[in-house]
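**Student:** Residue numbers (numbering that gives the first Met the number 0): 0 to 317.
A couple of the hints might just be wrong.
[Claimed, not checked] Derived Cβ-Cβ restraints for the label pairs, each shown as a range:
#1 Asp231 with Lys297: 45 to 51 Å
#2 Thr26 with Ser156: 22 to 28 Å
#3 Glu34 with Asn278: 37 to 43 Å
#4 Ser252 with Pro7: 40 to 46 Å
#5 Ala119 with Arg274: 46 to 52 Å
[Said to hold, decoys possible] Below, a list of computed lysine-lysine pairs in the PhoX-like style, where the Cα atoms sit at most 20 Å apart:
#6 Lys292 with Lys258
#7 Lys268 with Lys258
#8 Lys171 with Lys292
#9 Lys171 with Lys297
#10 Lys117 with Lys292
No lab work stands behind these hints: they were computed from the structure. Glycine residues also receive a C-beta, built at the ideal position from the N, C-alpha and C atoms.
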Amino acid sequence: MHSAAPDPDLAFLERILRFQEGSLSETALPDFEHEISTNPHKRRLFIEAQQRSLAIRNQFLAEEHQPIPTHRTFWIWRSLFSSPIWAIAAGLVIGFFSATLISKETVNSQSKPLLSAKLAMLDHGAPPPIGVPHAPGIWSGDYTEVVSARDGITPYSGSRMLQIQRADHEGKIHPEGSRIGNVWYLVDLRSFRSQSATQSLELHASFRFNSTANSAPETHDCSITIQAVTSDFVLSGLLQNGAALLNQNLAASSRRSLKIDSDPLTWEKLSTELRLPPNAEFALVSFNLAASKPTDPKEIIHFEGKYMDELQITLVRR
């Protein structure tokens with residue numbers, strides 16, 4: 000009698016649990032990140048695990064601070080209640096794809112950030128092209144690539160930078176006609192609010208961008224947007240349903256934009272900040288590149304020679 004072959008999904012789920020609990024070794028982390036960045040099935044397993052973790056965290060916070068939303072679409076995996084998974088606060092774990100460098104401070108000092116997240120440019124993968132993040136603490140977006148010096152442009156810092164390739168992502172229903180390439184990051188604000196009810200929160204975001212000389216007479220804009228929303232909107236699953244619905248549910252927002260020059264020798268910096276209102280429980284940060292509207296409504300935008308670097312987010316008390 001032959002024994003059954005081990006289930007590869009089960010082994011991968013075990014690695015996810017170790018990652019979420021912070022026990023995945025540094026030597027195993029690169030292979031784990033590579034699996035997620037190159038295998039759509041495993042990426043989906045990881046996202047679903049993050050959603051379950053978020054649901055458990057939400058229940059924990061709800062019991063302490065707020066009523067549980069009745070229309071939540073995330074389901075809770077009962078076997079995880081015995082795990083410390085809820086304690087690491089889904090999306091606040093250190094390092095997703097090692098592309099998220101997160102530090103947290105629990106001190107009350109106004110000079111120290113409560114959270115600092117920076118997209119690190121690594122050899123083995125860009126943020127997953129899944130559109131808007133499915134859980135906090137995850138960099139995601141449209142199709143991008145991490146590259147070294149290219150088109151006469153060298154990275155602003157380090158040896159890698161992010162090339163914006165297209166204005167769509169995996170599973171986008173109507174990719175044709177879309178003209179904005181995005182990188183997103185979702186911040187869960189609730190645990191920081193619970194630390195002090197007397198101080199307000201302020202979120203800062205910035206990035207640098209560069210471009211080769213345009214070979215065609217087209218205009219590109221870069222922009223950065225912070226959108227503050229309530230937990231009901233995020234936990235309902237509506238966050239993934241498009242910008243129009245998001246704009247209807249905003250608690251506050253801040254946006255800045257700038258025309259891209261065509262000098263590959265200069266890296267320009269764009270930044271914005273938002274004083275978060277008391278009812279803001281999540282904040283979605285988007286780093287955007289917008290092209291001229293395509294003349295053909297069936298055209299899928301491919302960006303040429305457009306790069307980002309130093310994408311970072313900081314949360315402070317004021």
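**Student:** Take the hints in turn and mark each one as holding or not.
**Tutor:** Now the hints, each set against the structure:
1. For Asp231 and Lys297, the hinted distance range of 45 to 51 Å is not satisfied, since their beta carbons lie about 37 Å from each other.
2. Hint check: Thr26 to Ser156, Cβ distance near 26 Å, so the stated range 22 to 28 Å holds.
3. Between Glu34 and Asn278 the C-beta distance comes to about 39 Å, which sits within the given range of 37 to 43 Å.
4. Between Ser252 and Pro7, the C-beta spacing of about 43 Å keeps the proposed range 40 to 46 Å intact.
5. Taken as a hint, the range 46 to 52 Å is violated for the pair Ala119 and Arg274, whose Cβ atoms sit roughly 28 Å apart.
6. For the hint linking Lys292 to Lys258, the alpha-carbon distance of about 15 Å falls within 20 Å, and the restraint holds.
7. Of the supplied pair hints, the one linking Lys268 and Lys258 holds, its CA atoms being roughly 11 Å apart against a limit of 20 Å.
8. Distance hint between Lys171 and Lys292 is fulfilled; the C-alpha atoms sit about 18 Å from each other, no more than 20 Å.
9. Between Lys171 and Lys297 the alpha-carbon distance is near 14 Å, which keeps this suggested pair within the 20 Å criterion.
10. Pair hint Lys117 plus Lys292 does not hold up; C-alpha atoms about 30 Å apart against a cutoff of 20 Å.
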